[in-house]
Amino acid sequence: MTVEPKIALSPKVSDEIRRTTCYMCACRCGINVHMRDDKVRYIEGNRDHPVNRGVLCAKGSAGIMQHYSPARLRAPMIRTGPRGSGEFREISWEEALQTAVDWLEPVRESDPKKLAFFTGRDQSQSLTSWWAQQFGTPNYAAHGGFCSVNMAAAGIYTLGGAFWEFGAPDWQRSRLFMIFGVAEDHDSNPIKLGLAELKRNGAKIVGVNPVRTGYNAIADEWVGITPGTDGLFILALARELMRTGNVDLDYLIRYTNAPWLIVADEGESEGLIARDGDGTPLVLDRKTGAVRASSDGDAAPAVKGTVTLPDGRTARPVFELMAEKVLSDEYAPDTVADACGIPATTIRRLAAEIAHAAFQEEVVIDQPWTDMRGVHHDKMIGRPVSFHAMRGISAHSNGFQTCRALHVLQLLIGSVETPGGFRFKPPYPKPVESHPKPHSGVTPGKPLDGPHLGYPMGPEHLAIDDDGTAKRIDKAFTWEAPMSAHGMMHMVIANAHARDPYGIDVLFMYMANMAWNSSMNTRGTMEMLSAQNEDGSYVIPKIIYSDAYSSEMVAYADLILPDTTYLERHDCISLLDRPISEPDAAADAIRWPVVEPDRDVRGFQSALIDLGARLKLPGFVKDDGSPAYRDYADYIVNHERRPGIGPLAGWRKDDDRPGRGAPNPEQLDRYIENGGFYTAHIPEEAQFFKPFNKAYQDWAVGMGLFDAPQHYVFNLYCEPMAKFRLAAKGYGDRQPPDNLRQRILETFDPLPAWYPPFEGAMVDGFPIHALTQRPAAMYHSWGSQNAWLRQIHGRNPLYVPGSICETHGLVDGDWVWLTSHHGKIKVPIARMDAVNSHTVWTWNAIGKRSGAWALDKDAPETTKGFLLNHLIHELLPPKGDGQRWSNSDPITGQAAWYDLRVKIEKAEPGPWSEPHMPAQQSPVGVGPDDIAYGEEWT
Amino acid sequence: MTTLPQTTEKKLGLVIDLDTCVGCHACVIACKEWNTGGYGAPLSDQDPYGAAPSGTFLNRIHTFEVTPSESRCGSAASAAQIVHFPKSCLHCDDAPCVTVCPTGASYKRSADGIVLVNEDACIGCGLCAWACPYGAREMDHDAGVMKKCTLCVDRIYNDNIPEVDRVPSCVRTCPANARHFGDLADPTSDVSRLVEARGGVELMPEQGTKPVNRYLPPRPKADIDAPDSIDLVALAEPETAGFLSWLDRALERLG
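These protein sequence lines map, in sequence, to chains A and B.
Everything in the first sequence is counted per the numbering used here, starting at 3 for the first residue and increasing by one.
Everything in the second sequence is counted per the numbering used here, starting at 5 for the first residue and increasing by one.
Here chain A stands alone, though its shape is the one from the complex:
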């Protein structure tokens, strides 16, 4: 018997644990950062945290390698070589900020719209948007337009709230869960925790996705749908439910606009909601046959029939219009099966399973509650079917309607805000009407006339001049994309380069890798960023960029403001923005510097506040002209958006009710003591039926989420779309250009509809769909600088279905040319059978430009990695009418990444993927040859 060595079973772990918020992706989990000898020893999930409850993903655990990444920028820089070269000189912060002031001050005084400020994957939009508003430019947005605005906007317009941050499945009570097209790097820990809970409870999980990786791999059933046809599939499910009466009629009548009357006569009010003199929608009382106000508690609203209104017009209830539409053969399972790549029997069976779970497995909670009409309910009845979806259904030119269709399906079975279904997280739900409207009124030297972004309710809210010209550089809120609630960041560079609608002077961006994976038409975007006038000056004259790392975009900026890592900074994850709430609690959180920066860098938000003060922007300076805030931390504590309401809800002064109160100088200390977050629980009687639940509305007012209750019903019917359609028919003062009328008529159906994605309908000879998936262990382009994560995802072959491999004689390791209407790339492939047979795919953003991210020039990310972005144009192919439309959803402007169509041909192998872009010079050198992290502790 060998003598066992004695080993230390209780070694020291750390000197101190500092609890903050992760930023390895946008999930915002709580983390315990173990510090030892002033270094990060270990990062683990915070068990008390509402988002991740202790678990942590690969990205989160790899935070050490991100924090100590060799790609971190070290000091402010000014460009010395040509744009794109990566040649810079380090400068002081004083010089950097003064340079920015010298560029921005004249713009603000003469023509503020010549600043375009777009902030990418920003978690501080309530600050950055306010800054832009005080500057006075209409040209502000974050990255929602190229990300998932269809999901967000369809949620807001239909339900008054959206998936992810603003709502979640009732994991505990759902019996059937369907997940459509969800990136595995977003909200990933809550989803994984939820999937595990569903599995423990024996609930069924259905994954709807062309690719069977990740969540779809463990789903009980995988529906390998053909890209862009999700709307057809969803409407076929809805048709089956409606045809057979498997809908929650009581719920629809009480809590949706199903009974509201819609004007049926042709003319200027066709398709509008019939209203009384007070503007209250009208319903038909099925008991008396009288037309009554929907607010009339005694009415028994009908959901079918044609009625003559007091003014002589005829009208019909929403529900009947919807039934007529959905029950048409267009959406019959047998009709849609081939297009969707899903057998009709499967569609019918899934509809039956939804009905079975919703109505035979009804959830009842013995919890009395009172609705907005004062009606007392002695229990909460729920439909345990829940759904989640994200970019997969949203990043198509028919995405808004598809996302609407999914929400309407949820409403048909009565599973929104009921037990077992989908639940909102504070500050949602709130009615679409309560959101701001877009503002674009510019006055030199003054703030903008209101918030930039919002939810238009009709043509009157478009951001256009009298002659129809776009007021915004991205052409958001124009007839090309009237309901572009998040702006259209993907059009900024192309439009600024084309000086259409006008040229700009300064492009100011934060945390958005627009010279690489965040743009369509990457090569073209790089050319636009470096395009010169005849006199040698740049077409986009000045570019300021803030990033923490040496990304591809850094090389295209003139002035770099280096950001900190997430462990070195203050942040607030605010109820004014995108908080960390859960369905049963409002919650917000902070980051704080758990490690001091060892470089000459500053948190971008602190730099922005400093810049705001130097520019003397209202709100950023005191009356005497001195800075109003020392830095972002000072702003987080002391800024008040309304009296008593600030960025953080917790531990305000004189805190007799949570959420409201004067600024408390010790607020951040209280957050740190509590683990970096604050939670305010929603009372039991207020946890479901929130839009119509009196107790919830009272609680929300108390919290400061609203100043008065905001009761509303859900929108099966989306009236603003009817208003845009009326304009396209020629009614009203604001008229679309003639070349867009037909498209608006075809796509702005106020009831959910499906039409083929534009690119596929316009091109011939490109039979294959191509898309990207996000690996769970990477966040966009960030992971490749991470020594540990890049060992997991350092390569991204094109995954090709077996049937296509056989047709083209392809085997693993072969190379192919992949061609779209716009471009051609040469890439290595791998065969895969667990994928829709018409679809090829690859991992997102693994390909890198040589010289970026402190990687060696021969790193596989640069030699064999690639982007599909080279194949995707920001414009659709020419139609022969002299116009080229944006490659976006015509309703919201969402970038239609996943409409891409390609053809495939075998290519000679290597040596590298094409296009092979010339290297950029690295301002930070290349990372070390070896790492033995933690050697001092072992």
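Just so you know, these hints were derived from the structure itself, not from any lab.
Hints may be right or wrong, so weigh each one.
Said to hold, decoys possible - For lysine-lysine, the following BS3-like pairs were computed, each having C-alpha atoms within a straight-line distance of at most 27 angstroms: (1) A:Lys-201 x B:Lys-225; (2) B:Lys-91 x B:Lys-14; (3) A:Lys-201 x B:Lys-91; (4) A:Lys-8 x A:Lys-381; (5) A:Lys-14 x B:Lys-14; (6) B:Lys-225 x A:Lys-439; (7) B:Lys-214 x B:Lys-91; (8) A:Lys-439 x A:Lys-828; (9) A:Lys-206 x B:Lys-225; (10) A:Lys-8 x B:Lys-225; (11) A:Lys-731 x A:Lys-828.
As the list claims (entries may be wrong) - Examples of chain B residues lying across from chain A (beta carbon under 7 angstroms, computed): (12) Thr-11; (13) His-66; (14) Glu-69; (15) Tyr-161; (16) Gly-203.
To be verified - Stretches of chain A that chain B covers, calculated by requiring three or more beta carbons in the stretch to come under 8 angstroms of a beta carbon on chain B: (17) 613–626; (18) 781–794; (19) 922–930.
Cβ coordinates follow ideal geometry from the N, Cα and C atoms, glycine included.
Given chain A, work out where chain B should sit, using these hints.
Only chain B this time, still in chain A's reference frame:
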């Protein structure tokens, strides 16, 4: 040659649920992160920013595509499935990596059955990695010693860690709750019950190494081409002819 204990008091090990593992690699990195500053030499990385990065990992996930044989006509989706397979040392009762060790560096603890490497005695000969049928050991190129899963022996008994966290780092972090830790010698332990309930299996039992770790197999997937299993119409109103014919009766019930 190094000898194994006749028996161990406990058989500490992992139970890994292949039905819920989404292949997210959280366990892989949490393991690396804990252990690079923990027991023994760091888990080093060579060429970490270069052409051929390679590092020492004690736990890796392998992803396989498997295709059941039946045909799948009529569907654009094939029957192929993806299985994510996390793999680390299985702490075998008859661990060939221990018996092959020429210096006694590899050993199995008699108290809990954990297989460890005493790095002070390890000469980096690599015989143990060659003997392990699972490929669960990795030579650290920087330190020149053999590295392997320790079941976080420096966590599970550690008085400096809250009791609830005295589990291996991979188990603590797994977002899908697919990893479980406990005493598989105790039939009443949670892990033993889980193995019993879910039909947990040994990996490659034919190798005769008597692994302690168990894998819970994926549950059968629904067949997308299965005929309608629930009668949709029977769930609601008996269908009669006409547009929304069920509606009037449904409204009557609402009153």
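Hints versus structure:
1. A:Lys-201 x B:Lys-225: Measuring from Cα to Cα gives roughly 13 angstroms; hence the hint holds.
2. B:Lys-91 x B:Lys-14: holds, 21 angstroms
3. A:Lys-201 x B:Lys-91: holds, 22 angstroms
4. A:Lys-8 x A:Lys-381: violated, 61 angstroms
5. A:Lys-14 x B:Lys-14: This hinted pair holds, its Cα atoms lying about 25 angstroms apart.
6. B:Lys-225 x A:Lys-439: violated, 47 angstroms
7. B:Lys-214 x B:Lys-91: At roughly 16 angstroms apart (the allowed maximum being 27 angstroms), Lys-91 of chain B and Lys-214 of chain B satisfy the hint.
8. A:Lys-439 x A:Lys-828: At roughly 45 angstroms apart (the allowed maximum being 27 angstroms), Lys-828 of chain A and Lys-439 of chain A break the hint.
9. A:Lys-206 x B:Lys-225: holds, 10 angstroms
10. A:Lys-8 x B:Lys-225: Not OK: Lys-8 of chain A and Lys-225 of chain B at ~48 angstroms, beyond 27 angstroms, violated.
11. A:Lys-731 x A:Lys-828: Outside the cut-off at roughly 46 angstroms; violated.
12. Thr-11: violated, 12 angstroms
13. His-66: violated, 12 angstroms
14. Glu-69: Because about 6 angstroms separates Glu-69 of chain B from the closest Cβ in chain A, which is inside the 7 angstroms limit, the hint holds.
15. Tyr-161: holds, 4 angstroms
16. Gly-203: Interface hint status for Gly-203 of chain B: violated (15 angstroms vs cutoff 7 angstroms).
17. 613–626: violated (count 0)
18. 781–794: holds (count 7)
19. 922–930: holds (count 3)
Of the numbered hints listed earlier, those contradicted by the structure are 4, 6, 8, 10, 11, 12, 13, 16 and 17.
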